Amino acid sequence: MLDINLIRTQPDLVRQALINRGDKPESLDAVLQLDAQRREILKQSEQLRSLRNSVSKEIGRMADAAGREAKKTEMRQVGDQISALETELAQVESNLEAYTSVLPNIPDPRTPVGLDEDHNVILRTIEGTAPKPANPKPHWDLGTDLGLIDFERGVKLSGSRFYVLNGAGARLQRALIAYMLDLHTRQGYHEVYLPFMVKRQTLFAAGQLPKFADNLFHDAEVDAWMVPTAEVPITNLHGDEILDLEDLPKWYCAYTPCFRREKAAAGKDVRGIKRGYQFDKVEMYMFSLPEKSDDYLEQMREHAEETCRALGFTYRVKQLCTGDMGICARMTYDIEVWAPGCNEWLEVSSVSNVGDYQARRANIKFRRERGAKTEFVHTLNGSGLGLPRTLIAVMENYQQPDGSIIVPEVLRNFVGTDVIRKGE
RNA sequence: GGAAAGGUGGCAGAGCGGUUUAAUGCGGCGGUCUUGAAAACCGUUGUGGGUCUAUGGCUCACCGUGAGUUCGAAUCUCACCCUUUCCGCCA
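The opening position of the first sequence corresponds to residue 23 in the numbering used here, with each subsequent residue numbered one higher.
Derived by calculation from the structure, the hints in this document are not laboratory data.
The model shown is predicted, which means the values in this text are computed figures rather than measured ones.
Fair warning: there could be bad hints in the mix.
[Said to hold, decoys possible] Straight-line C-alpha distance at most 20 Å; calculated SDA-like pairs for lysine to any residue:
{"hint": "1", "residue 1": "K221", "residue 2": "F234"}
{"hint": "2", "residue 1": "K94", "residue 2": "N75"}
{"hint": "3", "residue 1": "K65", "residue 2": "L54"}
{"hint": "4", "residue 1": "K444", "residue 2": "Q422"}
{"hint": "5", "residue 1": "K154", "residue 2": "R331"}
{"hint": "6", "residue 1": "K285", "residue 2": "G181"}
{"hint": "7", "residue 1": "K314", "residue 2": "E391"}
{"hint": "8", "residue 1": "K444", "residue 2": "R193"}
{"hint": "9", "residue 1": "K93", "residue 2": "L70"}
{"hint": "10", "residue 1": "K159", "residue 2": "G169"}
{"hint": "11", "residue 1": "K93", "residue 2": "R74"}
{"hint": "12", "residue 1": "K444", "residue 2": "P158"}
{"hint": "13", "residue 1": "K46", "residue 2": "Y121"}
{"hint": "14", "residue 1": "K290", "residue 2": "D140"}
{"hint": "15", "residue 1": "K296", "residue 2": "L187"}
{"hint": "16", "residue 1": "K444", "residue 2": "Y420"}
{"hint": "17", "residue 1": "K221", "residue 2": "A235"}
{"hint": "18", "residue 1": "K93", "residue 2": "S67"}
{"hint": "19", "residue 1": "K296", "residue 2": "T336"}
{"hint": "20", "residue 1": "K444", "residue 2": "W162"}
{"hint": "21", "residue 1": "K444", "residue 2": "N188"}
{"hint": "22", "residue 1": "K314", "residue 2": "D269"}
{"hint": "23", "residue 1": "K221", "residue 2": "R283"}
{"hint": "24", "residue 1": "K233", "residue 2": "M219"}
{"hint": "25", "residue 1": "K65", "residue 2": "S105"}
{"hint": "26", "residue 1": "K154", "residue 2": "Y420"}
{"hint": "27", "residue 1": "K65", "residue 2": "Q103"}
Sequences are here, hints too, so could you generate the full structure?
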């Protein structure tokens, strides 16, 4: 959510942001108009309320019955006017909210301007230590040959885009989750285990609703929503709270499965386990002082890169352009790892500074000193790597000519073996 | 799923239609006293919106949430949510 005061005082800044993101700037005009209307109605109704409040007190003190009745009649009319204005106000506010709740964040000035992914900037590519397989097989062949991935049974259970991980495949995924959580804990994050279903308000606060309802799984009866990312519940851990200055920054990490309907991506990446309705992810998250969030973004990106390096991946860091960033973000880095089998760069992490955009929606504040005005915190989120893609990268990068997979060193304690061979 | 009790400021807790501007206590902050501290005493202490002559003034809203009754609602009515205890069921 943007500050309505900012929209009011610097509409051109907001307009340019919309244009740079490839959105229509007309909604801004609607917001400005509705905001003016809202304040006008508010002024009128508050004056009437003030009048009614004072006269009602008078009535309570009046001895004269006839005079009292006269005042009551008068106030009854004022009451009718107030409710008419309130009805109007509710309508205006709900229209206003419909517009403001989907206005995207204003990109950081350093975010490159561009309307689509072709304008993302590749900042650097880092060569990994993993062995370079000669004729790499894609994970869908490798995984089935070794019996690690069972596509048929996944489909039997749940339909297309679902799979079952078997034996060492399941263990490798669990090892990655455990390793990443341990690493992030060493990096300073506080691990939490979260609900995988959340309320509507929780999704609103994280910026997923109302705009992206189509991409979420939802039980209508109890209004429970499956989380599309751990970012959603973590954002709301401190919803409606005023945090103590000395508690900032707060760093969290969490493993959750993520559920996405992927309506927009239907027909895309259908082969293998790259994209599904359900996937696992370890997430990093920070609540920070506004003036520190730029620095923390770099730190969090570095933390995600550390995971890639520890796993020996060849990876590259991209900065997303205005048109490719999510609506909450001011600045985003994507990290992509090289998967030699399917011969493509896989996005395994997206690290964003969302400024006060989510804090405003979730109402998360802090105070610099006793008696000072409350301010919104900044929040940042980043994948501590998305799982199926990291799993793909391990399998494809560490495959050997005989069809076995070497377990990356940092995972061996968790997996319990150095090499994954067929039939084990 | 059933029964009962209950949701009021940072916390505890009163108020159950109009001197409530939400009592009182604790805690916090400032002060008096003191060599210093404690104690005692005095003062102060919520969030959000609107507006203006703007470090402040005026005003509106907020007592779980939403509707309703009334000139006036923390207080009355209805619905819902949540908490606690007990029973049932269950991993």
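So which hints don't hold here, by number, going up?
-> Per hint list: zero violations.
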